[in-house]
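Sequences are here, hints too, so could you generate the full structure?
As you go down the protein sequences, you meet chains S and C in turn. The letter at position 152 of the first sequence is residue 152 when you use this note's numbering, and the numbering goes up by one with no holes. The letter at position 199 of the second sequence is residue 199 when you use this note's numbering, and the numbering goes up by one with no holes.
Hints listed in this document are in silico derivations from the structure and should not be mistaken for laboratory results. Built from N, CA and C at the ideal position, the CB exists for glycine as well. Each hint should be verified, as a subset may be incorrect.
A few chain C residues that don't get close to chain S, going by computed Cβ distances all over 12 Å [what the hints assert, rightly or not]:
#  : residue
1  : Gln3
2  : Leu4
3  : Gly43
4  : Gln61
5  : Thr73
6  : Met82
7  : Thr101
8  : Pro112
9  : Phe125
10 : Leu133
11 : Gln185
12 : His296
13 : Pro298
14 : Pro300
Going by beta-carbon spacing under 10 Å, a handful of chain C positions derived as facing chain S [said to hold, decoys possible]:
#  : residue
15 : Val37
16 : Ser59
17 : Phe86
18 : Lys100
19 : Asn110
20 : Gly142
21 : Val297
22 : Leu315
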Amino acid sequence: MVDKLNDDIGEEKRLQLWEMMLKLRLVEKKAYDLFLQNLIKGTSHLALGQEAIAGAFGVALKQGDYTFCTYRGHAHTLARGSSIEGVLGELMGRQCGLMKGKGGSMHLTDVDKGVMGSYAIIGAHLTIANGTALASKYNKTNEVSVCFFGDGTTNIGAFHEALNMAKIWNLPIVFVCENNLYMEYTPIHEVTAVEHPAADRAGAYDLDKIIVDGNDADEMLRTAEKAISKAREGKGPSLIEAKTYRHSGHSRADPGKYRPDEEVKDWMENKDPIKNYRAKLLDFNINEKIISEIEEKIKDQVEKATEISMASPIPEIKEIYTDVWANGGSEWHN
Amino acid sequence: MAQLTYRASVSLAIAQSMRKDQKVFFIGEDVGAAGGVFKATVGLLEEFGKERVMDAPISEQAILGAAMGAAMTGLRPIAEIMFSDFLAVCWDIVANQIAKTRYMSDGQINIPLVIRTANGGGSKFGAQHSQSLENWSMMIPGLKVVAPSCPSDVLGLMDSAVKDPDPVIFYEHKSLYAFKEEIEQTDLSIPIGEANTLHEGKDITIIGLALMAQRAKDAALILKDKHDINAKVIDLRSLVPLDLQTIKKSVIETGHVMTVEENPRLCGWGAEISSLISEHCFKNLKGPVTRVTTPHVPLPSADILEDNTIPSVELIVNEVIKKLKGE
Numbered sequence: 001m002v003d004k005l006n007d008d009i010g011e012e013k014r015l016q017l018w019e020m021m022l023k024l025r026l027v028e029k030k031a032y033d034l035f036l037q038n039l040i041k042g043t044s045h046l047a048l049g050q051e052a053i054a055g056a057f058g059v060a061l062k063q064g065d066y067t068f069c070t071y072r073g074h075a076h077t078l079a080r081g082s083s084i085e086g087v088l089g090e091l092m093g094r095q096c097g098l099m100k101g102k103g104g105s106m107h108l109t110d111v112d113k114g115v116m117g118s119y120a121i122i123g124a125h126l127t128i129a130n131g132t133a134l135a136s137k138y139n140k141t142n143e144v145s146v147c148f149f150g151d152g153t154t155n156i157g158a159f160h161e162a163l164n165m166a167k168i169w170n171l172p173i174v175f176v177c178e179n180n181l182y183m184e185y186t187p188i189h190e191v192t193a194v195e196h197p198a199a200d201r202a203g204a205y206d207l208d209k210i211i212v213d214g215n216d217a218d219e220m221l222r223t224a225e226k227a228i229s230k231a232r233e234g235k236g237p238s239l240i241e242a243k244t245y246r247h248s249g250h251s252r253a254d255p256g257k258y259r260p261d262e263e264v265k266d267w268m269e270n271k272d273p274i275k276n277y278r279a280k281l282l283d284f285n286i287n288e289k290i291i292s293e294i295e296e297k298i299k300d301q302v303e304k305a306t307e308i309s310m311a312s313p314i315p316e317i318k319e320i321y322t323d324v325w326a327n328g329g330s331e332w333h334n
Numbered sequence: 001m002a003q004l005t006y007r008a009s010v011s012l013a014i015a016q017s018m019r020k021d022q023k024v025f026f027i028g029e030d031v032g033a034a035g036g037v038f039k040a041t042v043g044l045l046e047e048f049g050k051e052r053v054m055d056a057p058i059s060e061q062a063i064l065g066a067a068m069g070a071a072m073t074g075l076r077p078i079a080e081i082m083f084s085d086f087l088a089v090c091w092d093i094v095a096n097q098i099a100k101t102r103y104m105s106d107g108q109i110n111i112p113l114v115i116r117t118a119n120g121g122g123s124k125f126g127a128q129h130s131q132s133l134e135n136w137s138m139m140i141p142g143l144k145v146v147a148p149s150c151p152s153d154v155l156g157l158m159d160s161a162v163k164d165p166d167p168v169i170f171y172e173h174k175s176l177y178a179f180k181e182e183i184e185q186t187d188l189s190i191p192i193g194e195a196n197t198l199h200e201g202k203d204i205t206i207i208g209l210a211l212m213a214q215r216a217k218d219a220a221l222i223l224k225d226k227h228d229i230n231a232k233v234i235d236l237r238s239l240v241p242l243d244l245q246t247i248k249k250s251v252i253e254t255g256h257v258m259t260v261e262e263n264p265r266l267c268g269w270g271a272e273i274s275s276l277i278s279e280h281c282f283k284n285l286k287g288p289v290t291r292v293t294t295p296h297v298p299l300p301s302a303d304i305l306e307d308n309t310i311p312s313v314e315l316i317v318n319e320v321i322k323k324l325k326g327e
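Have a look at this one:
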């Protein structure tokens, strides 16, 4: 039962979180549909089932804060307020895309919204996120940097270099490990020396061991707010391990057959963050009409954004030669 | 008028940039309290303090990642990689992240940073602390590649590198740290992408970089004094951007070209220069472009082995004579 009298989150923020998570879910579903229609080429790594993590941080962060995500970054980008057509347009290689087709699904970037890039080489962006955090410290400003990554990242060197540096320099940064139990196709426990791939390493860098149910949106929001406040108050970095599960395979090419049917069924039916949060909203006596109106609004937004993306022109070929350098061009000799 | 070593010009160049712009900070291993393993950054910590001169752990990925992230916000970091050979352990950050992020973001992000690194042989350090790796970075779109050959170029090119809105890899040559030059004015600025002529001549064009440019100049003096050959020596100063016009102008005059590289032959920068010359000046050539390089081997350590691997002044002289006189 929910404790309505001691509700630390409140209806307004819960509905904000609901709307956010729903948007992430429905856009990812739309991306999947567009793939099946061959309107999105290349690869794509969907975050279906993991929406509570990006959603909670999206609600908790302030304008001006910096986020860094991985190639599984559509949700994290949308969570900062990037437009749906900006994301879908980029996936479809259209001019309305966030980077006008120059980056694609794995590199979504929207600096105006604080989305400092999506990174497709495991581990790199943890070190880069330290840099924006270092800049905030250097400039004596109070932005917080947040870096999302998967469980597989905890076994690459850059993870360890980045945590050590963040700690010794007391950087205003939050590292968020989304442990979806699988490193691509391999169960993470088969290739990791410790049970909790991120949290069990925290002690090595004098950080608290933080494990959270990444599919419980309220808990995720509380954990995010606490770590963000700590960073903003100059009290240093945090490493959060959020347990979650992806509903689809690793990437477009992967049907995810290596996962036991029972396990998939359990996560889909009993631990789906969206389904469970809807039930929780009702438990908190939030009017179902309001919940449904938000659902309709988001569905409508996704459809309109899809239409905008499909109508947007493809890039001009001359764009190949732009923006290698800050002068806008690509020349390398006189 | 003061005599300045290449080593001292490095710390002075960094200090001058840091005095001019509060956005500039310096990060690396042993760069602050220790003054750098080559003593090229002595005095910076004392002048600018720990907030702007940061001693980092042995974490090359974390160093360059932090520099990149800071640069993305508009700061202008100078990051040191102690030996250029160590670029191999952070090459993802250099080649995939720093180089490509501007392009992939459709120009949303600029990365105005400088990576300084001690490059090249001559110190008998063996194959993992002696390489000349300019060509590694030359082949990656998005990186500028600078390699100064003298103290005044260190001062002038560092000033431009720090001000440059794009990432610059600044290769300092270990064997030049003791090189001295009389310098009147230290607050210099030299545009990146302008080659320098170290010796005038119309018989042959010799193109070099860093230590090899200085050796080519020494060779040109011998060729003039003892062999009546007038060689034009072009110090490229930077591979990207490349001053092709200066090369073309000289090749049209001389018709003979030699590149002198410290790296192994395969895919060395001289191959690209040779290709450009054949595209742009084919009709002016009186013979094939000659490439003088190290052989295709890792650098050995012992005196006699290293000395006979890296192109020497004597080798350059002999190769020019062979080329022009068929001897």
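Status of the hints after comparison with the structure:
Interface exclusion of glutamine 3 (chain C) from chain S stands, the closest Cβ pair being 33 Å apart, more than 12 Å. No beta-carbon of chain S comes within 12 Å of the beta-carbon of leucine 4 (chain C); the shortest separation is about 30 Å. Interface exclusion of glycine 43 (chain C) from chain S stands, the closest Cβ pair being 21 Å apart, more than 12 Å. With a closest Cβ-Cβ approach of about 5 Å to chain S, glutamine 61 (chain C) is found to fall inside the 12 Å limit, against its non-interface label.
A Cβ of chain S approaches the Cβ of threonine 73 (chain C) within 12 Å, the least distance being about 4 Å, so the stated non-interface status is violated. Every CB of chain S lies more than 12 Å from the CB of methionine 82 (chain C), the least distance being 15 Å, so the non-interface label holds. With a least beta-carbon separation of about 6 Å from chain S, threonine 101 (chain C) fails to lie farther than 12 Å from that chain, contradicting its non-interface assignment. Proline 112 (chain C), annotated as away from the interface, has a beta carbon of chain S within 12 Å; the closest lies near 8 Å.
The non-interface label for phenylalanine 125 (chain C) is consistent with chain S: the shortest C-beta to C-beta separation is roughly 24 Å, beyond 12 Å. Residue placement check: leucine 133 (chain C) keeps its beta carbon more than 12 Å from all beta carbons of chain S (closest about 18 Å). Annotated as non-interface, glutamine 185 (chain C) keeps its C-beta farther than 12 Å from every C-beta of chain S; the closest such distance is 26 Å. The Cβ of histidine 296 (chain C) sits about 26 Å from the closest Cβ of chain S, beyond the 12 Å cut-off, so the non-interface label holds.
The claim that proline 298 (chain C) lies off the interface holds: its Cβ sits roughly 24 Å from the closest Cβ of chain S, which is beyond the 12 Å cut-off. Every C-beta of chain S lies more than 12 Å from that of proline 300 (chain C), the closest at about 30 Å, which supports listing it as non-interface. Because the beta carbon of valine 37 (chain C) sits about 20 Å from the nearest beta carbon in chain S, more than 10 Å, this interface hint is broken. Taking 10 Å as the C-beta contact cut-off toward chain S, the hint placing serine 59 (chain C) at the interface holds, the least distance being around 4 Å.
For phenylalanine 86 (chain C), the shortest C-beta to C-beta distance to chain S is roughly 13 Å, which exceeds 10 Å, and the interface hint is violated. The restraint placing lysine 100 (chain C) at the interface with chain S holds, with a minimum CB-CB distance near 9 Å, inside the 10 Å limit. Interface hint at asparagine 110 (chain C): satisfied, since its Cβ lies 5 Å from the closest Cβ of chain S, which is below the 10 Å cut-off. Taking 10 Å as the C-beta cut-off, the interface hint given for glycine 142 (chain C) holds, the closest approach to chain S being about 6 Å.
At a threshold of 10 Å, the smallest CB-CB gap from valine 297 (chain C) to chain S is about 29 Å, leaving the interface hint violated. Hint status for leucine 315 (chain C) relative to chain S: violated, with the closest Cβ pair at about 28 Å, above 10 Å.
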